[in-house]
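> One letter stands for each residue in the lines below.
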Amino acid sequence: MTATAHQPARPSASRSPRAPGASTPEELAAIPERRPLRPAQRAAGVARAVGIVLVVLAFLVPLLWMLLASFKTNLDVVDPAKTFTFSPTTANYGTVFGAQAFGDFIVNSVVVGIGSTLLALVIGVPAAYAVSRYRVRSATGFLLLARVIPGVSLLIPWYYLFSQVQLVGTYAVLVLTHIFVTMPLVVAIMSSFFEGVPGELEEAAQIDGCSRIGAFARVVLPLSVPGIATSAILSFIFSWNNFLFALVLSDQETRTLPVAIVNFTSYASVDWGGLMAAAVIITVPVMLVALVAQRYVVSGLTAGATKG
Amino acid sequence: MAVSTTSPAPAAARPSTRRSFVDRVDAHLKWVLIVPSVAFVGLLIAFPIAYTAYLSFTNASGSVSRPKRFVGLENYTRWLTDADRFWPAVGRTAYFTGAALVLELVIGLAIALLLRKTFRGQGVVRVLILLPLVATPVAVGMMWLLIFEPTIGFANLVLGWFGIPAQGWLSDPSTALNTLIFIDVWQWTPMVVLILLAGLTTLPEEPDEAARVDGAGAWQRFRHITLPLLAPVIGAAAILRSIDALKTFDIIYATKGVGGGSSHEAETLNVLAYGQAFQFSQYGRASALLMLFFLLIVIVLATLAILRKKADQS
Chain B
1 MTATAHQPAR PSASRSPRAP GASTPEELAA IPERRPLRPA QRAAGVARAV GIVLVVLAFL
61 VPLLWMLLAS FKTNLDVVDP AKTFTFSPTT ANYGTVFGAQ AFGDFIVNSV VVGIGSTLLA
121 LVIGVPAAYA VSRYRVRSAT GFLLLARVIP GVSLLIPWYY LFSQVQLVGT YAVLVLTHIF
181 VTMPLVVAIM SSFFEGVPGE LEEAAQIDGC SRIGAFARVV LPLSVPGIAT SAILSFIFSW
241 NNFLFALVLS DQETRTLPVA IVNFTSYASV DWGGLMAAAV IITVPVMLVA LVAQRYVVSG
301 LTAGATKG
Chain E
1 MAVSTTSPAP AAARPSTRRS FVDRVDAHLK WVLIVPSVAF VGLLIAFPIA YTAYLSFTNA
61 SGSVSRPKRF VGLENYTRWL TDADRFWPAV GRTAYFTGAA LVLELVIGLA IALLLRKTFR
121 GQGVVRVLIL LPLVATPVAV GMMWLLIFEP TIGFANLVLG WFGIPAQGWL SDPSTALNTL
181 IFIDVWQWTP MVVLILLAGL TTLPEEPDEA ARVDGAGAWQ RFRHITLPLL APVIGAAAIL
241 RSIDALKTFD IIYATKGVGG GSSHEAETLN VLAYGQAFQF SQYGRASALL MLFFLLIVIV
301 LATLAILRKK ADQS
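Residue numbers (the UniProt record's numbering), protein chains in the order written: chain B, 1 to 308; chain E, 1 to 314.
Don't take each hint at face value.
Covered by chain B, per the in silico footprint, the following chain E stretches (three or more residues, Cβ under 8 Å) [unchecked claim]:
| # | stretch |
| --- | --- |
| 1 | 102-115 |
| 2 | 132-142 |
| 3 | 151-158 |
| 4 | 189-201 |
| 5 | 249-262 |
| 6 | 285-298 |
The hints are simulated quantities; they were obtained by calculation from the structure and are not laboratory data.
Remember, it's a predicted structure, so these values are computed and weren't measured experimentally.
In this text, a Cβ means the ideal position worked out from N, Cα and C, and glycines have one as well.
Just chain E, with the same shape it has in the complex (with noise of 0.2 Å):
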């Protein structure tokens, strides 16, 4: 202010539109700051749903024979009547996603709790879980094909010890979707278990104390004090894992392969489109496969959301 005043010079003229630059900028900040990365999003998200969402609608193909035709909602009655390999998968995705966050939650729980209380080694210990959560997906499944390997695993191994039979594992299709989970449950209950104890640390001790004093026990303790005031933050650890869970990919596939096994025995949605699209190159099938998929996740997400307002409120 006091520049434009003493020297009407060109030299001043450069930090006036500097300022003004920076005014501008002050001005519209918030897009300032969130335009890249909405941009991006749009570019790179929104637009690729939108020509799924299209595509869908289509015949696509990766044959150059064959040109691209507007087939309407054929693709979807075609998956919606398929109970050879659609409702099948969705079954086994809401079987593994079922299983897998059930699991995780009530393990993570009983792990959180164990770990809750001071004691020496705790600092090692909660840095020891750490790596199943770090190590890499596909590399966590090729470990786990050789622990379970049906000659030669260490699994039948110390069945063995036990006098249990050998079992087929990841091998046998009965099993196969069950070890699946059990892998998953192994990588991914650490996840709940941070997450459970980040909550556990900001609860307020009080009325553990007063319940105590009352002469509560501990599992009274736990189920009418404890669990109650922990629930939001189960609830978030439930959401974050079921989304995961739903697209789980990278173990299916490095010790099933594309289709899931030679049964399709662990193929679940996100394998099935997988499969369509970059195997068999059915852009519009798969396409709309992954409609429905997404139709699913939004249900299975707005369950759960549903459900934690409730317990949010109870």
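Pulled out of the complex, with its shape left as it was, chain B reads as follows (with noise of 0.2 Å):
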């Protein structure tokens, strides 16, 4: 580890900046840039660039052939001679849609992915205020206890108690239970992003005749709307990825598109353009989301987490 570690320290020290007639930090500083690049650093520049490559291609592969095989036919899939070079079809998605109904499975999906986000709004954005004016640490304690909690543990009695009230494959359950997934993220990235807004503004608007309760309505949730819109974006993405909740409490009527899919394993274990073709058309709506809306789900996806 330490031998092949310290050679790429070798080039950069015999760079070191000892030119003559630099002396101050700003000209040393200075100095690579104003130079033609050495031999080494054009090397390390193409290392670099062959680095980056690698990276995108290692991440972006497997999904270009998920996207590839849902094109193909289940003789094309197994024929390694048509790896590349086949007619493409669109008969797997007819299937899917078709034989499998995935139409209401995505229709499912949508409504418990929209349901389980605004009600995660709606409590957890101004828990996420009160968190971060107030300081309340039992608070967070209580909503870190969300994330921790494995899920299988929270199912047992939930399936115990919605099938008392005869609730189980409802919507209504489905969304209540994917709070669980939606509201910690709502009041993760709400509370960083309230830490970022000035107290003086509610005070200003109090001094001009606002309530406390109205300088957070009027004042700050006007001023909250990017930070809103990366909860909801964010809760969206979780709850339509969601499995285990809907797994075990939805029905038939109410099923998600993740459950769909490993249903569909089932019925057909060889039909791989099928399969594919089911899981682009689970993962293309939310990478679309994520692409358009990528600024968002970045500062989402490390709320919190930078603070140290």
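Two chains, two frames, a set of hints: combine them into the complex.
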């Protein structure tokens, strides 16, 4: 480890700027930019470019593979000669939407995703404001509980409870349980967002005659639209991707996409084309959302973590 | 205030009650804001946990012919003396989490350093590495199931180009768990990259510049300046990733099914608990297992938190 790790140190050490005439740190630091690139620097640049390309390929090739396979017939999927050259077919998508009624499952996932996102915002945003302004330690700990507890341990009582009141298989149960996934996200993102909103704004509003709740509603909330958008997008994505809760608590009618796709394998373990089409159908919408709203997605995913 | 003096008529009463309502909300604003979420957590999380704890001392099951009965610590002693399923599952959970965490941190740090300096197309690269993160884990499992298929999979095709013999990957009990670790690393390393990139942008540049002026090499500057400054962010990423890696369920269930394969080769604590509860309806036993699992999570998080504090101090 140390032997190889020390190697990159040598070339850069040898170009450590001790050029004549440069004495202040500013001049020394500016030297590499002024001079043409040395071979060692150029080699490092090429190595970096190759590394970046490899990283991108490593993360993208599997997804492209899935996409390709979804347009192949099952004969072409198993034929190595047809790896890259094949005549594309949309028959797999026909199977998925026709025989498997994936349209219904998409609707279910959208309903549950939007429902649990909205409810999580309604209860999570005020909580996050309280956490960031009033430093409610106990509540923060409580919400942390929601993050670390294994979902299965909640599912046993939930299943018992909801089957007593005959709610298993309803949208209501799925929306409620998915809040378990969405609310911790909303609280984490919004509390770190509210940290960045200066408290003077609310004070100024109160001096102008606003109540405290009025200052929150009329001054802070309108400023929080970017944070709320971030929370909403990520909540929806995580609800959409959640598998475990719907696996136990949904029924034929309310099944969400991840559960439908797993059931698909048991019907057709060799229908690779259909399976990949189903996988594409479930991943492409969230990927499009992430691509369009990437700025929000990145800030949401890293919220809280970088504060140490 | 002026309202009450000018017109004591009933019309004025309404604004004043509204004001007193707002005043009351304001006086308890902290609680007004926080009670809904705490009530939700209490109802849907804390109560179920308490109920799980209670069930763990009973022989509750899905069978109607066997009434629920208090059995004391029987479920716990049963698991703790079970060298067949329980301890191997503990070992797999620890191995999966440890290996995934180390790989994700090391590879994630390397990629973050690679992407740190500006280059043409930087924005595009950062967007592209988001894609694995938002992909649905179940679909990711299916995708790798095809790629790792022993006879038709792309992975063995690529190995063939280099003359390496085909592997069993997910279907071979001896490699299944490692393959699942690979999948977890593929999906979640970008998360570490994003967090570390965000952390790197907040680092002060002066110490690095000063060291460069003093003739420190790239490795020395990384080892003695970047790494210590970044330690708190790495710690935060480690805690986030370990919580999720410990609970990994989707990709295992999607690729190996209930029980983690025919010889339970990929059965972690989470998968074992799921099977006990929802395949065999052994709610009491599953609850005891989950309480033990929860204890393990707390121990791991406490250890990480202590390590993080130490890293912060040094």
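> Work down the list of hints and note, for each, if the structure agrees.
So, going through the hints one by one against the coordinates:
Counting residues of the stretch 102-115 of chain E whose CB lies closer than 8 Å to any CB of chain B gives 3, so the stated coverage by that chain holds, three being the minimum. Only residues whose C-beta sits within less than 8 Å of a C-beta in chain B count toward coverage, and the stretch 132-142 of chain E has 10 of them, enough to reach three; the restraint holds. Residue count for the stretch 151-158 of chain E with a Cβ under 8 Å from a Cβ of chain B: 4. That meets the three needed, and the coverage hint holds. Given a C-beta distance limit of less than 8 Å, the hint that chain B covers the stretch 189-201 of chain E holds, as 6 residues qualify and 3 suffice.
With 4 residues bearing a CB less than 8 Å from a CB of chain B, the stretch 249-262 of chain E meets the requirement of three and the coverage assertion stands. Note: the stretch 285-298 of chain E has 8 residues with beta-carbon separation from chain B under 8 Å; the three-residue rule is met and the coverage holds.
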